[in-house]
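> Sequence:
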Amino acid sequence: MGFGSDLRNSQEAVLKLQDWELRFLETVKKFMALRIKSDKEYACNLQNLCNQVDKESTVQVNYVSNVSKSWLLMIQQTEQLSRIMKTHAEDLNSGPLHRLTMMIKDKQQVKKSYVGIHQQIEAEMIKVTKTELEKLKSSYRQLIKEMNSAKEKYKEALAKGKETEKAKERYDKATMKLHMLHNQYVLALKGAQLHQSQYYDTTLPLLLDSVQKMQEEMIKALKGIFDEYSQITSLVTEEIVNVHKEIQMSVEQIDPSTEYNNFIDVHRTTAAKEQEIEFDTSLLEENENLQANEIMWNNLTADSLQVMLKTLAEELTQTQQMLLNKEEAVLELEKRIEESSETCEKKSDIVLLLGQKQALEELKQSVQQLRCTEAKCAAQKELLEQKVQENDGKEPPPVVNYEEDARSVTSMIACRFKIL
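Terminal number for the sequence shown in the numbering used here: 420, no gaps in between.
Hint data in this document are derived by calculation from the structure and do not stem from the laboratory.
Some clues are possibly wrong.
Pairs of lysine-lysine residues, derived as DSS-like cross-links and limited to a Cα-Cα distance of at most 30 angstroms, are as follows [claimed, not checked]:
| hint | residue 1 | residue 2 |
| --- | --- | --- |
| 1 | K16 | K112 |
| 2 | K127 | K30 |
| 3 | K86 | K105 |
| 4 | K16 | K29 |
| 5 | K245 | K30 |
| 6 | K112 | K310 |
| 7 | K153 | K40 |
| 8 | K326 | K112 |
| 9 | K127 | K335 |
| 10 | K245 | K112 |
| 11 | K387 | K151 |
| 12 | K137 | K151 |
| 13 | K220 | K245 |
| 14 | K127 | K111 |
| 15 | K153 | K130 |
| 16 | K130 | K112 |
| 17 | K111 | K213 |
| 18 | K381 | K105 |
| 19 | K130 | K335 |
| 20 | K111 | K220 |
| 21 | K387 | K177 |
| 22 | K130 | K155 |
| 23 | K326 | K111 |
| 24 | K40 | K30 |
| 25 | K335 | K347 |
| 26 | K135 | K168 |
| 27 | K190 | K173 |
| 28 | K387 | K137 |
| 29 | K190 | K145 |
| 30 | K135 | K190 |
From just these sequences and the hints, can you work out the full model?
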């Protein structure tokens, strides 16, 4: 049970949860501030009472009064209680309230980071799996029209015996542009398929698990703040002790690992069915030379495939180096957090590590995005390498059968003469 596996389509619920928790923390902060103010005023009032009693008790008696001794002891203890309450108020201000203020800022940053990364990876997924593919398909259809038009003009030139070379060049150019775009579309399709799979299987679950981890870390930190608050405000009277035992018991029941179980049960959603990204075969209806999901290697594309392969290899190497650097940064930050955790003296000191832990989660997100890029580049590179290796040492075949086109045109001319 977890955010990554059960809340992939529950972003609105996650955001509402974060908003509610921020409002909750502000309420706790306001309560603590009022408690500090109240304790300070109470301590001041107790001291004023003691000072007033001292002035009224300046008249000395001529005998040792046990009642007076008892009363004096009561005043002294009341002054001690005043000092204790004042110290408690100061401790609350410098401890739990200060850390709670820090935690609210950290929680706001966690939400901001989640929203930003979610928008980024979602926009990238839409761009790769929809926008770019639609743009390529639109260009694909346009180039097919241009190629067919060039083909018809070439046939007309052959029939007329005029400007055949010029028409042939236009036909070649249009065919080359179509085949190169076809290759781009096949590669983009492969990348989109992998990107979508990575998005639903790894990237989005990792982000949600990262959010849950930080949520639980903050619950752990809040538990420490509550625990410290409970200890500072705890007094020794039986009635107040019982009250604080109840508080302490409720604090002890906080378990970060099970905090969100009910939330998950209420907002559980089934995993979204992944969109099938397939080659649009309607693009091939007007052309017999192109094959779905097949890299076209011929005299018009051989050189461009080599360039694309080199570019992909360089991009893959660069991505792998960036990935290595990020992974090293993750290990270094994990070690630093572990070392800092060992030096925490108070439970609420966990708050001091939240910024580093959030930075670690963001680093892990970067690592995952680089892994996705690496996997896409590797898959596209493998697709190209396979085609290049299959034809290693071979002469690229011609795309356009000019002789067949010429025979077709000659046959059409002969038919016209017969009719005449």
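> Which numbered hints turn out to be false for this structure?
Hints 2, 6, 7, 9, 10, 15, 18, 19, 22 not satisfied by this model.
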